[in-house]
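Chemist: Residues per chain are reported as follows:
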Amino acid sequence: MSGLSASLATALSGLIADQGAMQATTNNVANVNTPGYSREVPILATSDPVVLGNLTLGTGVNLQKVQSIRDPILETQIQQETQTQGQWNALVSALSQTQVNFTSSSGDIGSAISNFFNSINQLATSPADLSLRQGVLTAAGNLATAFNSTSKNLSSQRSSLNGSVAETVDQVNQLTSQIAQVNEQISRLENAGQSAGTFEDQRTQLIDQLSSLVDVSVVPSDNTITITTATGTALVAGQQNFQLSTSPDSSGMQQVFSGTTNVTSTIAAGQLGGLLQMRDQQLPAIENQLDTLAAALATAVNGVQTSGYDLKGNAGTNLFQIPASTAGAAANISVAITDPSLIAASSDGSSGDNGNADTMYALRNQGIVSGQSASDYYANMVSGVGNATSNATAQQSASSLTLQQLNDERGSVSGVSLNEEAANLIQYQQAYAASAQIITAINSMMYDVIHMTTLTG
Amino acid sequence: MRINPNSIPDLLSALEQTQQQVSTDMQQIASGQSVNQPSDNPAAAGLLIENADQTSEADQFLRSIGSVQGEMQNADSALNSVITLLQRAITLGTEGANGTLNDSDRQALAVEVQGMQSQLVGLANLSYQGNYVFAGTATETAPYVQDPTSPSGVRYVGNAGVNLLAVGSNLSVQTNLPGSQLLSNSGNDVFQAIQELITSLQNGSGVDAAVNEISQAYDYVNAQRVFYGNSVSQLNAQQTYLNSETTQLAQQQNTLGGADLDKAMTDLGSSEVSQQATLEAIGQTQQASLFSYLK
Chain Y
0 MSGLSASLAT ALSGLIADQG AMQATTNNVA NVNTPGYSRE VPILATSDPV VLGNLTLGTG
60 VNLQKVQSIR DPILETQIQQ ETQTQGQWNA LVSALSQTQV NFTSSSGDIG SAISNFFNSI
120 NQLATSPADL SLRQGVLTAA GNLATAFNST SKNLSSQRSS LNGSVAETVD QVNQLTSQIA
180 QVNEQISRLE NAGQSAGTFE DQRTQLIDQL SSLVDVSVVP SDNTITITTA TGTALVAGQQ
240 NFQLSTSPDS SGMQQVFSGT TNVTSTIAAG QLGGLLQMRD QQLPAIENQL DTLAAALATA
300 VNGVQTSGYD LKGNAGTNLF QIPASTAGAA ANISVAITDP SLIAASSDGS SGDNGNADTM
360 YALRNQGIVS GQSASDYYAN MVSGVGNATS NATAQQSASS LTLQQLNDER GSVSGVSLNE
420 EAANLIQYQQ AYAASAQIIT AINSMMYDVI HMTTLTG
Chain D
0 MRINPNSIPD LLSALEQTQQ QVSTDMQQIA SGQSVNQPSD NPAAAGLLIE NADQTSEADQ
60 FLRSIGSVQG EMQNADSALN SVITLLQRAI TLGTEGANGT LNDSDRQALA VEVQGMQSQL
120 VGLANLSYQG NYVFAGTATE TAPYVQDPTS PSGVRYVGNA GVNLLAVGSN LSVQTNLPGS
180 QLLSNSGNDV FQAIQELITS LQNGSGVDAA VNEISQAYDY VNAQRVFYGN SVSQLNAQQT
240 YLNSETTQLA QQQNTLGGAD LDKAMTDLGS SEVSQQATLE AIGQTQQASL FSYLK
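Chains Y and D, in that order, give the protein sequences.
Going by numbering that gives the first Met the number 0, 305 is the number at position 306 of the first sequence; the sequence numbering is gapless.
Going by numbering that gives the first Met the number 0, 147 is the number at position 148 of the second sequence; the sequence numbering is gapless.
Isolated chain D (complex conformation) (with noise of 0.2 Å):
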């Protein structure tokens, strides 16, 4: 039977097919990446879209967890001076209690424990990065301005908003304390109590309840302070994890579309040798044909 006596098109083609294979396997080489269009691999594409975006909003928790932590740190260090200073007004107060003290000596005693007065009010207007931290939501304005005519001597002008953050697919974390709640608490106001006790001590008496009214304050901001040290230990966990799965979702995309070098090299020097052979089989096709012999 005849055969096709043109043989040079098929060659052709097949040498254009493994040029082709040379230069797939050099783009996987060059870029380390098996999926280099969508056409590579369409599943893989896609599930390397939502990848991608899974391991961008894990950065960003990250990153928003490390500002909120430094606000906390901040904060909590704050409330650390209003303890030592209710502390230290704890102290005064029983020494002024003693009844062996005079009058100028309690006087002396009401003098500190009013400059402690203007202490707290500035721990309370506490601002980080420019936002007031212990203001509720109002935090453009300073929530806690002197006023005489108020018996704490303060009046709060924060709100009582308190804000939630997402930091992970689940979950979300209060990010603040507003004063209202943790400094001028209905019944555990501690510039209450502190105005308290220059007034017990100014006057000679009622220095033991106001004393007790401090303690009771004092407590109560230490139970609230735990608010601060939980808040910063989810938050390291949460971080741990973040890492794990950005660690994960690393290697899920290196999975779907990392090239396998050390296959593609190999895949690149059998191409290059078939190319080699399909080059030598096209020159010796120029056989000689019958026309050579005829004499």
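If we strip away everything but chain Y, and leave its shape as in the complex, we get (with noise of 0.2 Å):
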């Protein structure tokens, strides 16, 4: 009898083990479309044989447990290149629409320079002509507007770039918050001795989201994970996070401090790090260009219009204004005069002389911004922009491309294939009804056996 009973708990655990490894697989089939599922693989294992005499005896098999299977190297490939990818999505999306400013057209600052000498020389014709004056004013109001339009955009952007930082910041304290959460799941599960994969793909993707977002660096400890920022600015220590907050300087960008620290040089990656270089370094490295291109073709100009003498024989005036320091020149040019006659075309005086017309007419080919002509420094930081957008969106590309691989790599460990699936399941449905039968066997044995012993009639 303690054969059969043996032989039934044996079958019997089949029957479990079987139930179980389908739990299993209905899982897998359940998750397949869920993103950063890791397929689960039941482990089977022998249960311990015992010994009866000489013989050893097998007792079935035992589920040991269910394994999310993952590779937590692909893991840190992937995060490492989310962020990477998230940096160049931000650069990508603003280095484009500042170029928009840079991009031909007739009210540009490179037409508005070449009208402005164009209406000089054509005053030099003829310098006495009121309406060849105006025609400078105007070519010079048109100049000074090209400037402070072009300057206000990218102020603009940069305000609209300054109010995305807050925003991130916000994201990124909502995912450590939320990671720090499912860290104390995962925690409660493991100490209670069972499995939290469920809870360790959710983390996965918090951890993956907030990749995007700024650069981190995952490290285990103890029993569960630490999160900083590359540099080693804390963001969730276990179960606990660690939130970061913004406050604007005395210009009213936004800085990143985590606790009374001033971090905001030190993020590195992520679309945080994408929104602050493009802030901080790329933004107002073009405005100092625009500044610095509006400040020498004004000065120039005014030098010349200062040492000759307009239509009434008085000694010229500035023709524009602009703030004493280079900052702020495109931003705030203007046109000083209104008076046409006050253009100082002579260059001694006489009212039909036309000496400092030329002067001011040789200025468009002078190296008067940085060793280069007005048109030339335009044209090279025109150059400059074109450049940092084709090379980020280059770089973007390369990183799509290697996310998109790493991923495949990740489906290919990960994901969950329906074919293998149902594989799986007509192997444990057969297992199961074998053992089901064998059960049924084992029944009809013991019948036997109870019945031996009566006789009938």
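Mixed in with the good hints, there may be bad ones.
Claimed, not checked - Here are some of the chain D residues that sit facing chain Y, going by a computed Cβ distance under 7 Å:
{"hint": "1", "residue": "ASN5"}
{"hint": "2", "residue": "GLN36"}
{"hint": "3", "residue": "GLY45"}
{"hint": "4", "residue": "SER55"}
{"hint": "5", "residue": "GLN59"}
{"hint": "6", "residue": "SER63"}
{"hint": "7", "residue": "THR136"}
{"hint": "8", "residue": "GLU139"}
{"hint": "9", "residue": "LEU248"}
{"hint": "10", "residue": "ALA249"}
{"hint": "11", "residue": "LEU289"}
{"hint": "12", "residue": "PHE290"}
Claimed, not checked - Which chain D residues stay away from chain Y? Per the calculated CB distances, all over 10 Å, these:
{"hint": "13", "residue": "GLY31"}
{"hint": "14", "residue": "SER38"}
{"hint": "15", "residue": "ASN97"}
{"hint": "16", "residue": "THR245"}
{"hint": "17", "residue": "SER269"}
Hint data in this document are derived by calculation from the structure and do not stem from the laboratory.
A virtual CB, placed ideally from N, CA and C, is assigned to each residue, including glycine.
Put the complex together from the two separate chains, hints included.
Modeler: Structure below.
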């Protein structure tokens, strides 16, 4: 009887194990479209055998656990690449917007510079002509307006990036808070000896999202994980999360704080890294070039204007008004003269002399801005913006491709294959049926044993 | 070895790329430009800006040349009239030097020459588009005023200024001759010469000497007039040069930034084929899995 009972128990273990394996298969199939889900594999092991005399008999099968199949190194690589991609995405988006200001159009700075100098040459053909003088004032006005409006657009973009910085920090805080909660659930399950596979998948997803926003470094510690930025600013330590805060500086730019430490310059990747790079480095550099151009052009023209004489024979006064410092030149440049007779075309005071107008025209091809002519300086500036944009786009594409390949690999390791699950289903179903059949047979045999000693009639 | 069972993201990414390519091709075809934003070709974008400024400058030089040519042609035509007047004065003077004329005949000649004096002043005070052409750079005031106290009968109130004008990247031309150099130059003053002819005819003596003075003035003005002929030729030559320069600049612009429409059309065609193929591939990945075959 003990043999039959033992066989019964063994067959039962088979039923239980197969049921458990079915559950894992069912869970996989149900989650085939869940992003970040790692397929579960039932780990079956032979139960310890018993020894009876000189017989060693098996005692069946044991479903040890259901294991999620994932590759932690691959996860780390994906997180790294996600940070890179997040950064380039932010930069490409911002630079594409910036470069619209420097795409050729009839009102752009390049045309305005050309038209201004054209109006001076035309004036030189008949310096006392009031309508030609007015033409110079109009062209100067258009030039100032072109600088003003480009500067305003760049400034506006910087404000918008600033707003995005604050929003991104909020998103980071939400994610770190969620990760801390999931860590708590994982710890609880593992302490109770259960598998926390689903929560680990969730956590991986959250860390991936966090990676797209900011650079992260994930370090296992104790039985949980610690997340910091690449330069060590704490984000999550086990069940505790550390919020980042933002606070505007004297010019209104949001600075990122961890506690009381300003960590703005340490954020190197992710969307936040890209936004900060654009806001604090790329955009100010372009604005600075624009200011340099406006200031140099205005200063050179004013210099010629004040060395000559206007239509009434008086010494010339400034044509352009700019601030004392280079910063803000493009935003604030304006025409200081409204009376066309005040243009100093004459070099000796006589009303028909065009010597000073000639000198002013000669500025067109002189190296008045860092050794370059105004037009060449502008051309190089535009080229620079174009280069930055096309480089960023190329990096973004490369990063996209790498991420795609990593995700493919991850899919090959952890993705659910319906074919595979269907095959497993058949296996477990048949094994279950066989074990059930054995139980039927054992039942019949037990019946025979019980009724073995009953004599009929 | 196991492959990624979910191939949809890869196919979608491929689809996005072909759509991007289609969009780029269409932008080029619609605008006719291969450089629609600086990132399309940063180096070309910079060169195109420089090209645009050079073209703009060449066009401006052509406009300025047109303005100056107008003034010069008017000046030249006025000088032509001056020279004709001087010729007539020589004729009259030669007649007056003839000993057979009587006083009243010479008076009649003197009156005609006096008429020439005021015509000369009118020609010397030529105004073109608001500027007095022979006034040097004091162009707002008529350069010659009648002055009975002056030996030549007129006084020059202009100045000796000359203007230069840039009409090429290395070319500046003088645009005017002041009257003080042209018409009332000391030693070759046409007004002085005419005045002396009048006086000599009225007095009946020294007519020959007066006629000589006028001949001298006549030669001098003819020689000075060459400035206008030469300037107009020089400006014409510069116009021709600038026209060919603008043609070259236009070609350069096309090379740098023009779309190769044939290539873009071909690319568009193959991008669309590629897009179609990708769409079909996505459609066909709805494969049956093993589950469909379980009874």
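Chemist: Would you mind marking each hint as holding or not holding in the structure?
Modeler: Hint by hint, here is what the structure shows:
1. ASN5: holds (5 Å)
2. GLN36: holds (5 Å)
3. GLY45: Since the shortest Cβ distance to chain Y is 3 Å, the answer is holds.
4. SER55: holds (4 Å)
5. GLN59: holds (4 Å)
6. SER63: holds (5 Å)
7. THR136: Hint on THR136 (chain D): holds, closest Cβ of chain Y at ~4 Å, below 7 Å.
8. GLU139: Because about 5 Å separates GLU139 (chain D) from the closest Cβ in chain Y, which is inside the 7 Å limit, the hint holds.
9. LEU248: Cβ of LEU248 (chain D) sits 13 Å from chain Y, so the hint is violated.
10. ALA249: Violated, about 15 Å.
11. LEU289: Interface hint status for LEU289 (chain D): holds (3 Å vs cutoff 7 Å).
12. PHE290: holds (5 Å)
13. GLY31: For GLY31 (chain D), whose nearest Cβ neighbour in chain Y is about 13 Å away, the distance exceeds 10 Å, so it holds.
14. SER38: violated (4 Å)
15. ASN97: Consistent with the label, ASN97 (chain D) stays out of reach of chain Y, its closest Cβ about 45 Å off (over 10 Å).
16. THR245: holds (14 Å)
17. SER269: holds (20 Å)
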